[in-house]
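A.B. asks: Going down the list, the sequences are from chains A and B.
All letters in the first sequence, in the order written, are residues 1 to 182 by the numbering used here.
All letters in the second sequence, in the order written, are residues 183 to 669 by the numbering used here.
Some hints could be false.
Said to hold, decoys possible - Cut-off 30 Å, straight-line C-alpha distance, at most; resulting in silico cross-link-like pairs (DSS-like, lysine-lysine): (1) B:K275 <-> A:K182; (2) B:K265 <-> B:K275; (3) B:K617 <-> B:K275; (4) B:K371 <-> A:K182; (5) B:K617 <-> B:K265.
Keep in mind the hints are simulated off the structure, nothing from the lab.
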Amino acid sequence: MKTTLRLLSGLLCLQVALSCVDSQNFDQYDDLSITPNMEASLLYVEATEAVINQAPGVDFIQETFAFTPFSEPYVADNLLDGVLTFEVENTTSKPLQIRIEFLDATGAVLDTETFLVDAAPTALLRREIAYGGLGGRSLDILRNTVQLRISATNLGDASSVSPLPDPKIILRSSAQFRFRLK
Amino acid sequence: MRKLLLLCLLAVPVLNPLGAQNRQLLYDFMEIPQALLLNPGAKAEYQWYAGIPLVSGISVQGRASGIAVNDLFADDGLDINDKVRDRAIRGLKPRDEFGTSVQAELLSGGFRGRERPENFYSFGIYSLGDVITYWPADLAELAWEGNAGQLGRRYRLAHLKTRGDVLNVFHFGINRQLDNRWTIGARAKLYSGMVSFRSSSNSGYFLTEPGADNLLVNILDANMQFRSSGFEAIRRILDDDSADQAAEIRREMVSRGFFGGDLGLGFDLGFTHNLSDRLILTGSLLDLGFLVHASEVRNFTLQGRGAVEGVQVILPDALSNPDREFWQQLVDELEGLVPFEEDQRTYLSFRPTQLFASLRYNYGQRNPGGASSSCDCDYRDGKSGPVPLPDYRSSLGGQLHLINRPRGPQMALTAFYQRRFWNALALKATYTADKFTLANLGLGMSVQAGPVEFYLLADNLLGYRNLAASHIQSFQFGLNILSWGRN
């Protein structure tokens, strides 16, 4: 009985005293890399053929406006790489040119993207532009962009009307970017 | 009694969830007076006891289901990013939890009524800290991988569930032996909250899908809240560089822990029923109570629904917008639809409700019908002194523990074996199956030398082979001075 008693009562103390821990390396935390790939729509521009026909000159859109999602401090500091996707749909009766310019705080043009689309019927024009990474454009373009200037030029006449229902020129776009959270 | 049991079973899932710990080794281990804290209706056999202040009852528990420290930080040469992705991001489920509980008695004592010896009164103060966080599976995956290529997937905001409390509990309990078969008890509790936080009633989702106009639409449908109390006082102290911050924080916590912070009320119920001389049924319902958080409150909410398809320039309407602040307007519009707000409104929180039950079979009769070391006595006849009841050397049985967690009741089943050795030593061995492990072996002992009693209880002994790989670990110890019925 004494032996049993000693064995049982000592077991607990021994178990605690002799507990083991396999070798751990908490420095691994420094190597942890959290880089989510986020995507969202960016810009949507729409003009009806009636607006194009009523414009006094050939440039029926000439808009400059503040655009700061990429220059927000957190985004600018943690942006790794990404892709801007543009899609242009033209259902009007005239060929058109759309130009997007990325401007910095002084108004200087950092980058320009031009889209030429034929008169309807025509396929969707889709273009993907990479930033950062291998072969991509400089991320500084996006980091320093605080304004966009959108210009659209009518390369056809100012009177014809497309037989398609509700003729328009539409620019759609989205951004997919990788950020470093850790 | 059936009604009481029914009430217990119904109350646990209904009352609001919070955390605490299963203390299966201590439950019904009546050689240890602190067992009365887990069942105020336990069969108290002491004349009196006094806990040694600050060391009469200390219990610490750490728990993590689904993953252990070793899974991520073992020095195994694997890339930690692969381990996090495979074992945490893709391996853990929303029901997996991480938590810790610490309880330390500041004061405890108990005595048998002089006029009514069938009554045993116990009282004390203990500090309690408890934190529980569920794995926010969808949010973690969103943060790890992002929403790209996840069209139509709803990232559920309800996966964020966390809460924590630090409080003092002032309690007073009455235990009464009704007859040879029934002992019942109740304990009243005053809670004095020091700090608290909780975010456990969230709902909504974040969704990306093809847009109606643009290529994509991001939808945030949120009903989220985070409530806290007590932290503002600490923050003010930390902001004041001229103060002795450690001393000030200590003073603030002591003040809040002694009725200067949040206040609450609660009670425990319990019983012991001798089904026969050898077969005993026990049960208790703990922490039916609440706290009113009215001081140093700071709450945050994110409520509303917003859908964003980027900046929209639609001619000719856009030409009428003179300032051309399309981006800022979009941000403002989203903030209007899903406002992030702050307030200092008082809120109510409920304490973790726990249910314990056990069925015990005693055998190995030590002293048939006679006085024994620890008097298993009938105290109802106070004049002639306690009447000793049959006393047993060994016990075998099963226990049930239910606790209401933020994601619903959580159960643990325990089988136990208990044995007394003379007057000096009692051992209890347990096997417990719960969500953390199906092989939780525990061992506890109570050693009495004269009037001094020391106990040590340790859980999940197999986990000590590699603590870093253990999902749950706890230990309890304490030092008391006590007098059994014979004294």
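A.B. asks: Among the hints numbered above, which are violated by the structure, and what are their numbers in rising order?
C.D. replies: 4
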